[in-house]
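So the protein sequences, as listed, match chains A and B. For reference, each letter of the first sequence is one residue, going 903 to 1264 in the numbering used here. For reference, each letter of the second sequence is one residue, going 903 to 1264 in the numbering used here.
Calculated directly from the structure, the hints in this document are not laboratory data. Honestly, I wouldn't trust all of these hints.
The list treats identical chains as interchangeable, and a pair is accepted whether it falls inside one copy or across any two copies.
As the list claims (entries may be wrong) - Derived lysine to any residue pairs resembling SDA-like cross-links, with alpha carbons at most 25 Å apart:
#1 K1016 <-> T985
#2 K1008 <-> G1071
#3 K1008 <-> Q1084
#4 K1016 <-> D1120
#5 K1008 <-> A997
#6 K1016 <-> V956
#7 K1008 <-> E1072
What follows is each chain in one-letter form.
Number of protein chains: 2
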Amino acid sequence: MRLEILPVPGIGDVTEGDDLAALIATAAPWLRDGDVLVVTSKIVSKAEGRLVDVPADGPERLAARDEVLAAETARVVASRGATRIVQTHHGFVMASAGIDASNVDKTRLVLLPKDPDASARALRAALRERHGLDVAVIISDTMGRPWRNGLTDVALGVAGMPAIRDHRGEIDPYGNELQLTQMAVVDELAGAGELIKGKCDQVPVAVVRGYPGVARADHGEGARALVRDAALDLFSLGTAEATAAGLRAAATLADGPGPAPADPAAVERAIAAVAEVVAPDTVFTHVTDEEVRAGMVAAVPGWPERATGLILGAPPAPVDQADLVRFGADLQRLRTALAAEGISSALLPPPPGSPASAALAI
Amino acid sequence: MRLEILPVPGIGDVTEGDDLAALIATAAPWLRDGDVLVVTSKIVSKAEGRLVDVPADGPERLAARDEVLAAETARVVASRGATRIVQTHHGFVMASAGIDASNVDKTRLVLLPKDPDASARALRAALRERHGLDVAVIISDTMGRPWRNGLTDVALGVAGMPAIRDHRGEIDPYGNELQLTQMAVVDELAGAGELIKGKCDQVPVAVVRGYPGVARADHGEGARALVRDAALDLFSLGTAEATAAGLRAAATLADGPGPAPADPAAVERAIAAVAEVVAPDTVFTHVTDEEVRAGMVAAVPGWPERATGLILGAPPAPVDQADLVRFGADLQRLRTALAAEGISSALLPPPPGSPASAALAI
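This is chain A alone, in the form it adopts within the complex (with noise of 0.2 Å):
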């Protein structure tokens, strides 16, 4: 097996309403059955005309700007400065939604296809029925990542070949099931092309020859595979959107116990947590005993059934209106480290007889 990577040169500047089946037929006359076409999404926007006009320079162009990329958002994952990363409609998580400003006149941006697979597919489709070309297509654009200096270019569309390989179930020579088996091949074929298209579109598709993953009958499942729902993506918000979002959540804590018993360690971890930062001599204690807690706990107004442990609050004396004010700031504290620990509380005056002057259903 070996890999070649052609450039297609001569493809020239693309408008709204181009086939782009028919340039690059025409600028590669020698295309084969089996071939990968790396297309720069750039022009594939160009000729499906998604593009909108822009004032050229000054503050109207970024208010026009901040526009469109709120209409391109479903929803903002980070952002810094002036940079903000969003997932787009398609669910891609990109700088400025991919939208574009280079390559196009200053007047216009361009934006991603809107439907990068249906694009792929329909590109496919004309390549085999109006030039009887048997073709994978790999739809292309430029992204960062976290961790990573530099950009690399991934696919945002795909028909013809799976977006993923996968090697589930192989074994390797020392009978050991593979750990690694979901390799995003269509993104290593769209940085492939990458290497020989350049940034300035002069080259926007290239051809990788000579990979066998090509389909010759179904489209497949396309790009879409490669997107990850944000439920399940241990990154789905930026670190200082996310710190953010603690706080925040921190400020409207649910007054309430949780239905596990918490962890006796994580009780006394939160306690510490906050120790430096509450009123000297402020004691909380946490009452673990059974019977102890039952008999305790058995007058409270408003014991929630659910709860399973108990947390009992005194301020340092003298206690005049101030303390206890300062005392509730300081039991607020020690709810949100438990939070932190994930265990959830509620707020309950303290039993009858007790020293305490606050107590925490756990």
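Let chain A serve as the given structure and place chain B on it in line with the hints.
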């Protein structure tokens, strides 16, 4: 320009002390100056003896594996269930620090090369000095990434070419300066190599022929240039970890106003954010009028010099001890909501003669 990607089969099983340069030169007598060698990191690790013995199975194996992982980990970036995404001592962010149990005996684990850039330089130097070949060397490994399913091969080390191709300053045909400027070409080359290597290490080396970026003289700065400083990364922590950090930050909120005047709109947002969760009829009043504030705060004991604002808080009447504790907890909620808006605050007794029970200096 035209690239070829060629496999190097027949290298066979690599063990500690093997001369990789000799193995590769023998398996690929057709190598030429200017070729880019993409070498799977595992054979580099094996040749360098980066293996550890572990029990073949059972809890002992898991315990031993955890110990190895801890040793390879500079910091934990994210975890869920058994998954650990960590930053290695090299700076790479990878699942399980790149520790691999495939293509090796069940009683051994393969670690990443200690210094992949040094490994690449050594292999390149050996090929030049002992085999008269002037090539670039990329040490590659397989990594996952946020937001996209499937894995790709990227570069851990490189010698003989720049890790990044920089397009800065280039002007497109429309006269726009390019926006996406720094391409991680060695990652794209590593991915291109993976397309023909496969996962079972029968083909641990691929050759990319025809890439113009290969240096003839120095080794270059290495793949180290691809490691982004965590402080500059918008995704330096997992979402769950950052959210928990926000909760912990809320629990230990510093007591002191910020130096900068608070945006009144942000203060109103914070008050609104807690409106639903504080005791009914609790009143928070943002006193923004300079004169009033000056008169009020003059007499507040411990009023911080650099405070620039005041929030008065009054609990619902009638006020008993439990109300004051709850009120203090609600004040702390507000302080946390202010912190989420970037506003720090200090808890103070109310100005004498004011109807409030407490004040926040902001």
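Hints and how they fare:
no.: 1; hint: K1016 <-> T985; verdict: within (23 Å within a copy, 35 Å between copies)
no.: 2; hint: K1008 <-> G1071; verdict: between (52 Å within a copy, 17 Å between copies)
no.: 3; hint: K1008 <-> Q1084; verdict: between (41 Å within a copy, 22 Å between copies)
no.: 4; hint: K1016 <-> D1120; verdict: within (21 Å within a copy, 45 Å between copies)
no.: 5; hint: K1008 <-> A997; verdict: within (20 Å within a copy, 43 Å between copies)
no.: 6; hint: K1016 <-> V956; verdict: within (19 Å within a copy, 51 Å between copies)
no.: 7; hint: K1008 <-> E1072; verdict: between (52 Å within a copy, 16 Å between copies)
In this structure, none of the earlier numbered hints is contradicted; all agree with it.
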